[in-house]
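Novice: Add chain B to chain A, keeping to what the hints say.
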Amino acid sequence: MAEKSDERKPLLSKKIDKFFTGLADAWNFVRRFFQEVFLPPYEFKEVVHQCYRIGVESLPLISLTGFIVGIVFTNQSRPSLSEFGASSWLPSLISIAVVRAMGPLVTALIAAGKVGSSIGAEIGSMKVTEQIDAMEVSATNPFKFLVVTRVLATTFMIPILVMYTDFVALMGSFLNVNSNELVSLSTFFVQVFESISFLDIWSSVLKSLLFGFTIGIVGCYKGYNSSKGTEGVGRAANSAVVISMFLIFIEELLVLQVVNAIRGM
Amino acid sequence: MAEKVVEIRGLKKSFGDLKVLQGVDLDLFKEENLVVLGKSGSGKSVLIKIMVGLLKQDAGTMHVFGKEVSRLNSKQLNELRLKIGFSFQNSALYDSMTVKENLEFPLVRNVKNLTKGEIQKKIEGLLDSVGLPQTINQMPSELSGGQKKRIGVARTLILDPEIMLYDEPTAGLDPITCMDINNLINEVREQFKTTSIVITHDLTCAKVTGDRMAVLLDGQFKAVGSFNEVFAHADDQRVKSFYDYNFIES
Chain A
1 MAEKSDERKP LLSKKIDKFF TGLADAWNFV RRFFQEVFLP PYEFKEVVHQ CYRIGVESLP
61 LISLTGFIVG IVFTNQSRPS LSEFGASSWL PSLISIAVVR AMGPLVTALI AAGKVGSSIG
121 AEIGSMKVTE QIDAMEVSAT NPFKFLVVTR VLATTFMIPI LVMYTDFVAL MGSFLNVNSN
181 ELVSLSTFFV QVFESISFLD IWSSVLKSLL FGFTIGIVGC YKGYNSSKGT EGVGRAANSA
241 VVISMFLIFI EELLVLQVVN AIRGM
Chain B
266 MAEKVVEIRG LKKSFGDLKV LQGVDLDLFK EENLVVLGKS GSGKSVLIKI MVGLLKQDAG
326 TMHVFGKEVS RLNSKQLNEL RLKIGFSFQN SALYDSMTVK ENLEFPLVRN VKNLTKGEIQ
386 KKIEGLLDSV GLPQTINQMP SELSGGQKKR IGVARTLILD PEIMLYDEPT AGLDPITCMD
446 INNLINEVRE QFKTTSIVIT HDLTCAKVTG DRMAVLLDGQ FKAVGSFNEV FAHADDQRVK
506 SFYDYNFIES
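Taken in sequence, the protein lines are chains A and B.
Following the working numbering, the numbering of the first sequence begins with 1 at its first residue and continues without gaps.
Following the working numbering, the numbering of the second sequence begins with 266 at its first residue and continues without gaps.
Treat the hints as calculated values from the structure; they're not laboratory data.
Every value quoted in this text rests on a predicted model; they were computed, and no experiment measured them.
Cβ coordinates follow ideal geometry from the N, Cα and C atoms, glycine included.
Treat the hints with caution; some may be incorrect.
[What the hints assert, rightly or not] Here are the computed distance ranges between Cβ atoms for each label pair:
1) Lys381(B) / Leu12(A): 53 to 59 angstroms
2) Arg503(B) / Gly113(A): 49 to 55 angstroms
3) Gly410(B) / Gln35(A): 47 to 53 angstroms
4) Asp360(B) / Arg235(A): 17 to 23 angstroms
5) Pro40(A) / Arg503(B): 47 to 53 angstroms
6) Lys14(A) / Lys269(B): 54 to 60 angstroms
Bound conformation, chain A alone (with noise of 0.2 angstroms):
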């Protein structure tokens, strides 16, 4: 029978010695990433592959959500800004509120639910079904097959997803603005053009691929650290959709503060 050791002493209290593990295993696994990214193999084949799953088997989902709020916003706006007889602004306001934000954060929460949570027990079953130590013993590098293809698939995807739910929401708006104001598709266009910069357009970009890796990096480390079974695979693919939402959101704060200060230069 086994037996017990010396008990081991935790540095500070449990939970605390916990929470800065946890932290630093969250480092080594992002470093890996970048240290494994950039040395061959490369596996081509397997990005393509997830930016396909990650990518084209979303758009559905994006497609109806990103129109949907494309038409609610410009519904709920609409009132406000007839108020000061200024529904002519109704593009402007849309495509500032759905560039600069809206999409980005609408698209990258959807994709958080849908992409980290299959990707956190994709990988959390592997894990725990052993496939990740029978790739490991075959003298292969399950964590540039797994982890390094997703997090790329999902870092190119989501910019990619964004510009396509920015879109979509435009001609969602369109739809609403053109059977109540009257407004042509070029007029419609013509505002909305005029309305967003290129610093617009570089910061959802920036920020898109912020939330991409995220999402990526985050359902893959919970997935790759899953444990217990097939309580932990729900855990890691609940925990991977919290967390990515909350760093997304974290991300958003932080990338706005940024475009600020550059605003005001």
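Specialist: Same frame as chain A, now just chain B:
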């Protein structure tokens, strides 16, 4: 005397407070089938996971082909892993890939310059060897437990290993499929000239496949020898009860 391929001395491993291996000594010789017996949680799987570098020992040495596993860098460890095939308890087939892709995965990443025809031929040959050529395009979820075990063995054999490690090969299988798997283990040794360690608590499997038995109790090997040596003259009551339980004798 046969060449020694694995030498374990004073191996210790704990998980937190739990001491699992407490000074294991063992030698494994070329082309022999060694069966490691022991209760669930006695550290049998831990032993072979240390052998392939999935776990690290706390103390002691584990030499495989003369190399101390814990001191190898990742490149050297991967070179060693190419010589060791690990068949997992639950088969650990990649469930998002077909049987063909499962076998292809380690092959294309470790053996360069193979043509598509050569890869196909090697996969078909191995599936023939394990008696499942018809499953080539099936997904793991479409296979039975016994078929999964066989495909798992085929996947490990694709890199022509010199040592095969079987972790509970008959666990969860019906008696007839167990016999099929036992025969497969013997056939693999005959055909591929491998050295094997079979981790099990199934004495029928041990008797059919093993040249030598080693019984792991209290984190150490308490009895090592042929099946008869270990069980006919067992001094330890726990070794005796192991036999009695498996063969329903008292």
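Novice: Could you run down the list of hints and mark each one as holding or not?
Specialist: Hints versus structure:
Range check, Lys381(B) to Leu12(A): about 57 angstroms between beta-carbon atoms, so the 53 to 59 angstroms window is met. Taking 49 to 55 angstroms as the suggested C-beta distance range, the pair Arg503(B) and Gly113(A) conforms, at roughly 52 angstroms. Here the CB-CB span from Gly410(B) to Gln35(A) is close to 39 angstroms, at odds with the stated 47 to 53 angstroms. Taking 17 to 23 angstroms as the suggested C-beta distance range, the pair Asp360(B) and Arg235(A) conforms, at roughly 20 angstroms.
At about 52 angstroms, the CB distance of Pro40(A) to Arg503(B) agrees with the hint of 47 to 53 angstroms. Distance hint check for Lys14(A) and Lys269(B): the Cβ-Cβ separation is about 45 angstroms, which falls outside the suggested range of 54 to 60 angstroms.
Against the hints set out earlier in the document, violations occur for numbers 3, 6.
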